[in-house]
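Colleague: Residue-level listing of the chains:
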Amino acid sequence: MPMNGEVDRRGLLKLAGGSLAALGLTAAGCGGGSGSGDGTVTIRYAWWGSDDRAKRINRTIELFEKKYPKIKVQTDFQPYLDFWKKFNTQASGGNPPDVFQNAIGFLRKYDQRSVLLDLNAQAEAGNLRLDGFRAGLEKFGEVDGKLLGVPVGSNSMALVIDKPVYEKAGVTPEMGWTWDDFHEAMKKIRGQGRVGDSGLYGVMYLYDPYLRQQGKAFFTKDGLGFDEADLKEWWTKGYAGVKSGIYADPKKVAQIKPKSAVAAEIAASEFTWDNFTVRYTAEGKSEYGLAPLPTTDGKKTGQYLGSLMLSGSKRTQHPKEVAQFIDFMVHDPEVAKIMGYDRGVPTTTAQYEAYKPAEEKDKVIASVNKEIAAYEEKLVEAGVLETITPHPAGADVCEAAFLRIAEELALGERSVDEAVKQFFTECKTALGS
Amino acid sequence: MGGTMASLRTPAAPAAPEKPAPPRGTRLPAAARRRRRGENVAGFLFMSPWLAGFLLLTAGPMIASLYFAFTDYNLFDAPRWIGLDNFTEMFGDPRWRKSVEVTLWYVVVGTPLKLAAALGVALLLNQKRRGQAFYRAAFYAPSLIGASVSIAVVWKAIFSDDAIVDRTQRAVFGMDVGGWTGDPQWIIYSLIALTVWQFGAPMVIFLAGLKQVPRELYEAAEVDGAGTWRRFWNITLPMISPVLFFNVLLETIHSFQIFASAYIVGGGAGGNACGPADGSLVYTCYLYVQGFENSRMGLASAMAWMLLLAVALVTAVLFWSQKRWVHYEEASR
Numbered sequence: 001m002p003m004n005g006e007v008d009r010r011g012l013l014k015l016a017g018g019s020l021a022a023l024g025l026t027a028a029g030c031g032g033g034s035g036s037g038d039g040t041v042t043i044r045y046a047w048w049g050s051d052d053r054a055k056r057i058n059r060t061i062e063l064f065e066k067k068y069p070k071i072k073v074q075t076d077f078q079p080y081l082d083f084w085k086k087f088n089t090q091a092s093g094g095n096p097p098d099v100f101q102n103a104i105g106f107l108r109k110y111d112q113r114s115v116l117l118d119l120n121a122q123a124e125a126g127n128l129r130l131d132g133f134r135a136g137l138e139k140f141g142e143v144d145g146k147l148l149g150v151p152v153g154s155n156s157m158a159l160v161i162d163k164p165v166y167e168k169a170g171v172t173p174e175m176g177w178t179w180d181d182f183h184e185a186m187k188k189i190r191g192q193g194r195v196g197d198s199g200l201y202g203v204m205y206l207y208d209p210y211l212r213q214q215g216k217a218f219f220t221k222d223g224l225g226f227d228e229a230d231l232k233e234w235w236t237k238g239y240a241g242v243k244s245g246i247y248a249d250p251k252k253v254a255q256i257k258p259k260s261a262v263a264a265e266i267a268a269s270e271f272t273w274d275n276f277t278v279r280y281t282a283e284g285k286s287e288y289g290l291a292p293l294p295t296t297d298g299k300k301t302g303q304y305l306g307s308l309m310l311s312g313s314k315r316t317q318h319p320k321e322v323a324q325f326i327d328f329m330v331h332d333p334e335v336a337k338i339m340g341y342d343r344g345v346p347t348t349t350a351q352y353e354a355y356k357p358a359e360e361k362d363k364v365i366a367s368v369n370k371e372i373a374a375y376e377e378k379l380v381e382a383g384v385l386e387t388i389t390p391h392p393a394g395a396d397v398c399e400a401a402f403l404r405i406a407e408e409l410a411l412g413e414r415s416v417d418e419a420v421k422q423f424f425t426e427c428k429t430a431l432g433s
Numbered sequence: 434m435g436g437t438m439a440s441l442r443t444p445a446a447p448a449a450p451e452k453p454a455p456p457r458g459t460r461l462p463a464a465a466r467r468r469r470r471g472e473n474v475a476g477f478l479f480m481s482p483w484l485a486g487f488l489l490l491t492a493g494p495m496i497a498s499l500y501f502a503f504t505d506y507n508l509f510d511a512p513r514w515i516g517l518d519n520f521t522e523m524f525g526d527p528r529w530r531k532s533v534e535v536t537l538w539y540v541v542v543g544t545p546l547k548l549a550a551a552l553g554v555a556l557l558l559n560q561k562r563r564g565q566a567f568y569r570a571a572f573y574a575p576s577l578i579g580a581s582v583s584i585a586v587v588w589k590a591i592f593s594d595d596a597i598v599d600r601t602q603r604a605v606f607g608m609d610v611g612g613w614t615g616d617p618q619w620i621i622y623s624l625i626a627l628t629v630w631q632f633g634a635p636m637v638i639f640l641a642g643l644k645q646v647p648r649e650l651y652e653a654a655e656v657d658g659a660g661t662w663r664r665f666w667n668i669t670l671p672m673i674s675p676v677l678f679f680n681v682l683l684e685t686i687h688s689f690q691i692f693a694s695a696y697i698v699g700g701g702a703g704g705n706a707c708g709p710a711d712g713s714l715v716y717t718c719y720l721y722v723q724g725f726e727n728s729r730m731g732l733a734s735a736m737a738w739m740l741l742l743a744v745a746l747v748t749a750v751l752f753w754s755q756k757r758w759v760h761y762e763e764a765s766r
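Read top to bottom, the protein sequences are chains A and P.
Residues in the first sequence are numbered consecutively from 1, following our numbering.
Residues in the second sequence are numbered consecutively from 434, following our numbering.
Same shape as in the complex, but just chain P (with noise of 0.2 angstroms):
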């Protein structure tokens, strides 16, 4: 801590060049303490608006959820201790079940497609072509976009019955599925395709990991006569992995909480917050019904936890296996 605070404070006051900083150990004078302490104080002054957002907005709201995790709490009566009871009651919940499959399928097909999408895009990208700087705005405008909940309004319209995707789909396959969001099998893919739709902010992680690979191993490879395929897999895959690493990661912890897009595209059909027959009740949809519509809080708290440690465990495994696939480089060039 001392060193740091000395090391921070120099270059804040370089007009009265100082003694060099005390060793450790020794005693300050007295004056430089009370300096010392005023610059904490100061300090901490500074950071008391994000500490203070932090403690009234995130911790404590946290430590009472997990409090309300125990209890049966409907927001107006003095929540009542149960223990494990709205665990048991969870897994128990076939329609719990339900969100829970939602969302991995969700997780699982959205996720691969649009890590996929995003490097395919950044490969393109990375050429040295005219206009890429435009190219690259373009791409990355619908991720900029995609939360707002407008996004999600445009988007039920367009996979509703007898729009563009239902119309095409009719005349191009001969498919009539009679509209994604009206069909408790479809809605999830529209919901997919919205998330692949907004690759732009991984696709430009990818770019500037390209952007890092030295041009003198694609040259070497292309003397020993390695092709474009082999050049990518056995180049720009390993390159790039730890950028790959973090964005399958970020894409992941990200994907589990999808909230905003189910609930809008799936929102006012029949009557249910979360799609026909449920076919969009990702988690933590059903966690808002349980809470804001069922005013079941204790319940819903519950179900947060239980999804903060399942995003964990799934951290912990991709963090685990990064071991075998993820290539970090030595320091050996």
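One chain only, chain A, in its complex shape (with noise of 0.2 angstroms):
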């Protein structure tokens, strides 16, 4: 451009030019990461979670990036419900994230849509390590032979327990404890002013190992593993325990999310996941332990080793970039340091050792994730755990409708009948069945 500050036809074009350019540049940014002169890589990587999970990640991306000094990753994240709507959307329009966070319940659905990325490819080629994984957990994202997903943290279903309440009301739950123990037990605690559940009839993580303690399954390889009858009875359960006031009242708890009613005090336990008491340790102000799932003939418990996975995109331009990354959150030492317990117990063994709990700085947490490693070898020794089967395409609306519809039911919105026909035509309809 003329220094005098006339502004003539040709700069004009030029400037017109270069903007172009940059609009062009910035497009290609946007459309799934590139690759740049000097050979230097994109990866895009989102997940969900909370601020916390967040700080965390970043340290671990600090340290990925120093030992792939060509590999930059740009990062992305919002609460889970937030984090699919977006997803499915980027997914929809060709562009999703090169690598990201990934669930049991999206795997099929997503493989249906030609969105996941067979990780065996990279595996063969030796970007990616399949060995040094515990309980034979690298076959957990694998589908119809297909390698979607490689765990990064194992979690379980448990009973998350408000310590002091419970040892107050004289209650110790152990392994095998029935669902008659159970339910005297939240008779104990609500004699101490406190109701004893949030609300577990609404749980699908909950109902699924309940079917499975009867041989049963919540999902099957492409439907319901369970009819009218089964959910009929488990609601009618459910809504007694709310009118009899042992289990929390469903307004208060939805008022106060997304904090959870343990943490606020409302109820003195909650079946969750094992690595869920990490937030409420956060969340909370009391000390917050774990209590095994009852269970019905005194021993199966029906519960499986869940886990978050990181998967890739099909899409991605670069996946031998994606397995390397993924190859390092799963085995690098240092990266276990940092996560801890967020995500679950790490799955590599690599990774296992080098945490160690008793190492954190902060007492309370230290003794969480004391009591969620011992829980998990607990389940190990009992050997009640089963394996999982990859959720149906359409998983996910099933599991939203449970959640919606047992609350209206507990609202008293909804019969049980009603409540249980309007779950299976929603959930068939999402099905596809």
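Simulated from the structure, these hints should not be mistaken for lab results.
In this text the structure is predicted, and so the values were computed from the model without any measurement.
Here a beta-carbon is modelled for each residue, glycine too, at the ideal position from N, C-alpha and C.
Derived DSBU-like pairs: lysine-lysine, alpha-carbon spacing no greater than 30 angstroms straight-line:
#, chain 1, residue 1, chain 2, residue 2
1, A, Lys428, A, Lys314
2, A, Lys237, A, Lys221
3, A, Lys85, P, Lys531
4, A, Lys252, P, Lys531
5, A, Lys257, P, Lys531
6, A, Lys163, A, Lys259
7, A, Lys85, A, Lys421
8, P, Lys531, A, Lys237
Using C-beta positions, here's what the derived DEER-type ranges look like:
#, chain 1, residue 1, chain 2, residue 2, range
9, P, Leu746, A, Glu62, 53 to 61 angstroms
10, P, Val542, A, Asp76, 39 to 47 angstroms
11, P, Glu726, A, Glu353, 34 to 42 angstroms
12, A, Glu62, P, Ala497, 39 to 47 angstroms
Assembly of the complex is requested from the two constituent chains, each provided in isolation within its own frame, with the hints serving as guidance.
Modeller: See below:
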């Protein structure tokens, strides 16, 4: 451009051309990661979780970029539900992140839509090591012979309890306790002026083990593994629990969300994933511990190890870098020291041994994490762990419907019969059967 | 077209007084025709940002959604033509009917209350009193910030368990609903309260209408001994009925489209986007759930067109009804 401030036609054209080129570059930058002249590659990584998780993940990414100076990682995160809405929209537009956090309920769904990268080829090429996983977890993300996700941390369903309240009520849950024992315990806790449970009737991941205790399951490979009579029994009991006041008032639980009813001291316990104790400890004032799931026969809990996974996008232009990224995140011992049990107990032996809960500076976190590790070890020893089948496409919609309709039932908006009928209608539509 | 162009052009070129515009039907000289064509091009060029926006962002998507309404479309696979299936499914879906119920209730209760509040305050502000400009601004302010997400978040906090509304209700009326936002029956009233609170826009329009009412009419009525109520009923209301009609029309259409406040005030409760037990499941909220949570864009498009038809129908009925109650002043003054 001329220095005297005059803009001539040629200068203007150059300027326009320049900005067009810049626009083109930005567009390329948005289009699923790009490579630049010096061989540096940028990959996009997205996950769901809290700020605390984001801080930890950003530190692990710094480590990764130090080890792989030619790979840059762009990050993005939202809460769980928002994450999936955004991901769905991005994926449908052909622009999903290159690598992202994933869960069992979404494998088939996004495999059917050709969104997920089969990581087997990268494993064979040596960019992703599949050895050194605990308890056969490397198979966790396998669907029909395709490796669609690599687990980063294992977790399992548990009864997360407010310890002092349970102690005061004189309740000590043992491995193999029954549902009758559980109901007795709820009544004792009610005597302590706190309700026992936050609303177990709507938790799909608890109803699943309950069904498994009877040799059924929530999902089969392509549909539902239970019938209307089963659900009627479960919800009749659940509604009775709400009416008698041993389960929390659903209105109160709904209004304090996203905070948990346990951390908000509405309920003394809640059925959820064991790694949630980490979150509750950060949210609440009390001391939180883990109790096993109640059983039907005094033995079988019907539970399995669940896990968050890392998956790649089929459309990524950098499958090798994605594989290297996943490999680093699941095997590097330093990563485990940063992440702790935030996403569950590390899945590889190297990472499991690298992180010692006792070495945490914060005594409360140390004790919570020790408890999680002990809980999962106990499950392995007791031999109660089953294998989980990857959910059919549409399972996420069923899970949301289960939670919502259970809440309507608890609020007295629907009768048990209506609720059951509505759930089957909605879920079957979603599963396309 | 020719006449309009000419009259538009004349003030634009005052420096070169031209011959008067040629009469209709005669051919223009070649130079003038060329210039006119040039002006047409320039006109379209100036319009082009708006035109491009309209075609790409409004008309195009609308036509596409009309097509999707008759298909099964999940965003990933190509849309599959299924005829009227989306519509039959919609009418058979109890959740859809619930969303219609919730929306109608919101419109039927919320709109009259909002307009009554707007008119009431406009009447107060129309009096000669000190500081009216301040009050006008103060009452208008909520409708400026009303559409924002932050207000809805604040609203949710105000109306939840043990918050100010809940405590007041308990203390004054001895009634414990345990927070409006957690109750399937009460949550809709927190949304209605939000829209009523934002009466600023119709209020300003009412105020403009009130200023137009000739003072002589009131003076004459007062001489005849008409009281305040009589004057309002027989003079004010008929005189501002065109403005009232305009406000009713605008607010009704607007109410049917409620989304943001319902989504935010009702959101997060039990992993449900539209309130506890679908208490704030307004039409657009259910549309959003079907489209973006259940990935059923075909069904969502069908729902959107159904809403458009319903609003068009209501608008038509309102227009038809104005014969009976809207008083347009004849040129008799």
